[in-house]
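Read off the chains here:
Protein chains: 2
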Amino acid sequence: MALLSVLTPVLALLLCLVIGFVFLRSRETSRTPGKDKEASKLDFRPWVDQDLQDDTEITERDEDEWVDNDEEDDLPHVPYSPPRYCEETMLQRSKDFYTLMNQRRSVRFISPEPVPKEVIDNIILTAGTAPSGAHTEPWTFVVVSDPETKHQVRLIVEKEEEVNYRQRMGDKWVHDLAKFRTNWIKEYLDVAPYLILIFKQTYGILPNGKKETHYYNEISVSISCGILLASLQNAGLVTVTTTPLNCGPQLRILLKRPANEKLLMLLPVGYAAAAATVPDLKRKHLEDIMVHV
Amino acid sequence: MALLSVLTPVLALLLCLVIGFVFLRSRETSRTPGKDKEASKLDFRPWVDQDLQDDTEITERDEDEWVDNDEEDDLPHVPYSPPRYCEETMLQRSKDFYTLMNQRRSVRFISPEPVPKEVIDNIILTAGTAPSGAHTEPWTFVVVSDPETKHQVRLIVEKEEEVNYRQRMGDKWVHDLAKFRTNWIKEYLDVAPYLILIFKQTYGILPNGKKETHYYNEISVSISCGILLASLQNAGLVTVTTTPLNCGPQLRILLKRPANEKLLMLLPVGYAAAAATVPDLKRKHLEDIMVHV
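In order, the protein sequence lines correspond to chains S and P. Under my numbering, the first sequence has 472 at position 50, and the numbering climbs by one with no breaks. Under my numbering, the second sequence has 550 at position 128, and the numbering climbs by one with no breaks.
Some hints here could point you the wrong way.
Any copy will do: because identical chains look the same in the list, a pair fits if it lies in one copy or spans two.
Cut-off 30 Å, straight-line C-alpha distance, at most; resulting in silico cross-link-like pairs (BS3-like, lysine-lysine) [claimed, not checked]:
#, residue 1, residue 2
1, K678, K706
2, K581, K678
3, K632, K539
4, K678, K704
5, K581, K517
6, K704, K539
7, K632, K517
8, K581, K632
9, K539, K633
10, K539, K706
11, K633, K678
12, K581, K706
13, K517, K633
14, K704, K632
15, K704, K633
16, K633, K706
17, K678, K632
These aren't lab readings, by the way, just hints derived from the structure by calculation.
Could you put together the complete structure from these sequences and hints?
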């Protein structure tokens with residue numbers, strides 16, 4: 423009993439230590455899981471902007487806030503007869519479209535010459551024909567032609583890109599990009615008559631303020647961007663597909679976009695400059711990209 | 423002192439309880455972080471297939487295994503003069519392309535009539551003109567025309583889709599899809615003359631066996647898919663963009679694709695069936711998708 427009495431303060435001390443340890447651990451693990459996940463993601467994907475993540479991944483959802491996408495369950499089905507061509511025409515069309523698209527290149531030298539806004543309107547309309555998860559059409563295309571705003575975009579992008587090149591990207595990635603002769607100076611952001619900033623809506627907001635799920639929003643908006651690139655090429659315009667790292671939140675605020683929208687891509691758009699050059703890259707052959715079973 | 427002596431067993435018991443609690447907690451948190459992340463992701467994005475994730479997120483990387491994408495740092499730059507049209511022609515072309523693309527719809531009723539393989543070749547070539555992060559071209563298009571393989575694909579997809587509809591997707595999502603009259607019966611997988619399975623290469627494997635980083639591979643392949651959809655529409659063919667949940671690994675093994683490839687999309691391709699119908703959906707207006715600054 424005397425021994426036990428002697429042990430009591432030791433036990434009390436041990437208890438305090440263990441409780442302290444539990445408290446510290448719980449503080450560590452009670453950081454929002456989103457933040458932890460982001461951090462571990464950054465380790466593996468240094469080139470992925472936090473703002474590029476689907477919001478569905480990183481925000482906590484109040485299930486009650488999410489409503490069904492559309493009340494029109496009983497949408498009528500209508501007959502559909504798309505254009506159809508004879509085999510010869512089909513073959514010729516597929517060849518011609520390939521020839522046109524195969525001339526597309528990412529161009530960093532853009533002419534300041536003006537481009538009719540109506541052409542841009544048609545291109546955005548065309549991008550808006552893309553399919554999307556549950557037909558949510560989760561895209562916003564911000565077209566910037568105002569010189570002052572373009573310059574603000576440039577300042578934001580160049581500031582972050584310099585940090586990216588100097589610190590975030592790592593030697594390997596900078597080395598991988600060297601052949602494109604890219605760096606953080608983005609003159610085209612001032613020069614191009616239009617900047618198209620493509621935002622994905624990570625969720626929708628209905629007129630009654632409720633949120634709706636945007637399934638596969640990043641894939642949907644990227645598909646839409648592919649159709650936009652085809653449309654630009656078809657019109658004789660050029661761009662370079664950029665994903666400015668860590669600029670999303672600043673650009674979103676500059677352009678007054680709501681919090682459910684995240685910047686996915688930034689495209690400077692115009693005619694190619696007369697002196698435009700591109701790296702002499704080749705594309706893979708058909709047998710390197712297609713497998714027939 | 424007597425009081426303390428009496429307290430000793432209580433303190434000892436408390437100590438045991440606290441230590442037991444710490445032990446249980448540490449077992450819970452010592453599950454691999456990757457698994458935790460996947461699990462928490464599943465909570466927030468029930469429709470995202472584990473196999474759809476960038477491998478760069480979920481695999482551990484041995485940095486030494488990763489090499490630079492291309493040794494040709496000093497790739498020559500060459501002059502580039504893309505097609506250019508007068509304003510009137512440009513406007514007309516952009517309008518015509520919009521009209522064509524605006525007729526595109528996701529079609530679930532596909533005719534069994536044969537389609538020349540050369541058209542499919544041109545369409546895949548066209549998809550391969552998409553831009554990609556650091557020009558890694560991280561795509562593989564598996565074109566399935568063999569009836570037995572198409573049927574195997576159907577069996578895999580229907581089996582998983584039935585589970586998806588019954589268990590994984592949740593009432594809300596099933597409800598959201600009701601207007602499309604979709605369910606787990608996918609007759610078109612047998613009927614369509616071609617299935618195009620689009621795989622993203624989450625990393626590349628060089629001839630020497632080393633791995634190369636595929637930056638933004640999911641976005642790149644999705645852009646490529648957008649150009650593919652434009653090309654199908656241009657040729658007078660139809661498809662429906664599907665992302666079969668949880669079928670990726672089984673389909674990858676069926677089609678003998680390597681572990682660095684993950685299924686992103688499955689497109690059944692052919693002419694529209696004579697009796698094809700589509701839900702009477704509308705697209706958003708220009709002012710609902712475009713903001714001009």
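Hints versus structure:
1. K678 to K706: Result: close only across copies, 21 Å inter versus 41 Å intra.
2. K581 to K678: Classified as within: same-chain Cα gap 20 Å, cross-chain 46 Å, threshold 30 Å.
3. K632 to K539: neither (34 Å within a copy, 48 Å between copies)
4. K678 to K704: between (40 Å within a copy, 27 Å between copies)
5. K581 to K517: Neither way: K581 and K517 sit 43 Å apart in one copy and 38 Å across, limit 30 Å.
6. K704 to K539: The answer is between: 24 Å across copies meets 30 Å, while 33 Å in one copy does not.
7. K632 to K517: neither (47 Å within a copy, 36 Å between copies)
8. K581 to K632: neither (36 Å within a copy, 34 Å between copies)
9. K539 to K633: Neither, since 33 Å and 44 Å both go past 30 Å.
10. K539 to K706: between (35 Å within a copy, 19 Å between copies)
11. K633 to K678: within (19 Å within a copy, 41 Å between copies)
12. K581 to K706: Answer is neither; intra-copy 35 Å and inter-copy 35 Å both fail.
13. K517 to K633: neither (44 Å within a copy, 34 Å between copies)
14. K704 to K632: between (48 Å within a copy, 21 Å between copies)
15. K704 to K633: Answer is between; shortest inter-copy Cα gap is 20 Å, intra-copy 45 Å.
16. K633 to K706: between (43 Å within a copy, 18 Å between copies)
17. K678 to K632: within (20 Å within a copy, 45 Å between copies)
Violated hints, listed in ascending order, are 3, 5, 7, 8, 9, 12 and 13; each of the other numbered hints is respected by the structure.
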